[in-house]
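Using the sequences and the accompanying hints, generate a full structural model.
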Amino acid sequence: MKRLSVGLLLVVAALSPVFAATVDGIPLHYSTHGTGPATLVFVHGWTCDESSWAAQIEPFAERYRVVTVDLPGHGQSGAPAADAFSIDLFAHAVEAVRAEIGAESIVLIGHSMGAPVIRQYARHYPRHVAALVPVDGPISAAVFVFPTSDGAPPQLPDFSGPQGREMREAMVRGMFTPDTPPAVEAHVLEMMLSAPQETAVGAMQAIGDPELWADVTIPMPVYAVYAGTAEMPSLEAVRQSVPEFEAVQIEGTGHFLMMEKPDEFNARLDGFLRRIGF
1 MKRLSVGLLL VVAALSPVFA ATVDGIPLHY STHGTGPATL VFVHGWTCDE
51 SSWAAQIEPF AERYRVVTVD LPGHGQSGAP AADAFSIDLF AHAVEAVRAE
101 IGAESIVLIG HSMGAPVIRQ YARHYPRHVA ALVPVDGPIS AAVFVFPTSD
151 GAPPQLPDFS GPQGREMREA MVRGMFTPDT PPAVEAHVLE MMLSAPQETA
201 VGAMQAIGDP ELWADVTIPM PVYAVYAGTA EMPSLEAVRQ SVPEFEAVQI
251 EGTGHFLMME KPDEFNARLD GFLRRIGF
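The numbering of the sequence shown is my numbering, which starts it at 1 and goes up by one.
Since no wrong hints were added, every one of them can be taken at face value.
Beta-carbon label-pair distances, calculated as ranges:
1) Arg274 x Ser234: 23 to 29 Å
2) Val248 x Ile101: 26 to 32 Å
3) Glu251 x Ile276: 22 to 28 Å
4) Gly164 x Arg274: 42 to 48 Å
What the hints contain is simulated information worked out from the structure, not anything from laboratory work.
Note that the structure is a prediction, hence the values are computed from the model and not measured.
The beta carbon of each residue, even a glycine, is placed where N, CA and C say it ideally should be.
Laid out in structure tokens, this is it:
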């Protein structure tokens with residue numbers, strides 16, 4: 001193999017993309033695949049990372065630019081202070097990535113906690129959103145009901161303290177079904193239990209912020225994909241605030257449906273994207 005000259009190496013380095021997106025001074029890691037004219041941004045869930053979407057990259061990179069993001073405190077991105085986790089921070093992180101890659105209009109796909117993240121993104125940056133795809137996660141106040149009449153935050157798990165990791169593992173294992181492939185279980189357990197405890201605590205608290213769940217109108221198309229274990233929401237109730245809401249359920253899947261049945265998930269997502277002309 002011919003060796004490159006120092007000068008040519010410098011030229012190649014200068015032409016290579018340097019990802020320097022930050023939010024509140026926190027460096028953000030993301031990956032891009034494909035060179036299509038339209039952009040899909042995939043957002044992972046609580047204590048997960050961009051590898052959640054490995055089975056979606058190749059199929060969609062044939063037609064789109066596919067972007068996978070590590071939210072602050074997750075994966076290879078930097079972490080905020082322990083008391084600075086918020087869904088707003090995550091939404092602004094997605095915007096920092098969108099701005100850096102120069103995508104004017106995007107479809108956001110958010111799994112689990114990623115669903116409120118893309119919902120919040122749409123509230124802050126609606127002009128950049130072509131559509132939202134929540135994946136087994138809440139997208140409207142109608143499907144995120146607070147247990148008390150005074151609007152107090154729900155009693156979410158507290159993973160601080162010496163038993164925190166053990167509690168997290170029990171919660172994660174509860175996301176599987178007998179049909180979940182062993183390889184998916186192994187990957188998810190390693191991914192989620194590798195996240196720092198500060199991330200597990202801070203991100204979980206962020207989900208329960210009552211201000212996050214004020215009932216607001218989401219005007220863009222929303223295509224919700226639910227796991228087989230999920231309770232499907234009332235279309236009538238959701239459409240009070242999300243007029244263009246569709247929902248589908250993939251039977252025989254646990255929480256990580258896009259990893260458990262990727263072919264069916266990808267076909268459903270592809271069909272939606274084609275219907276809206278994206």
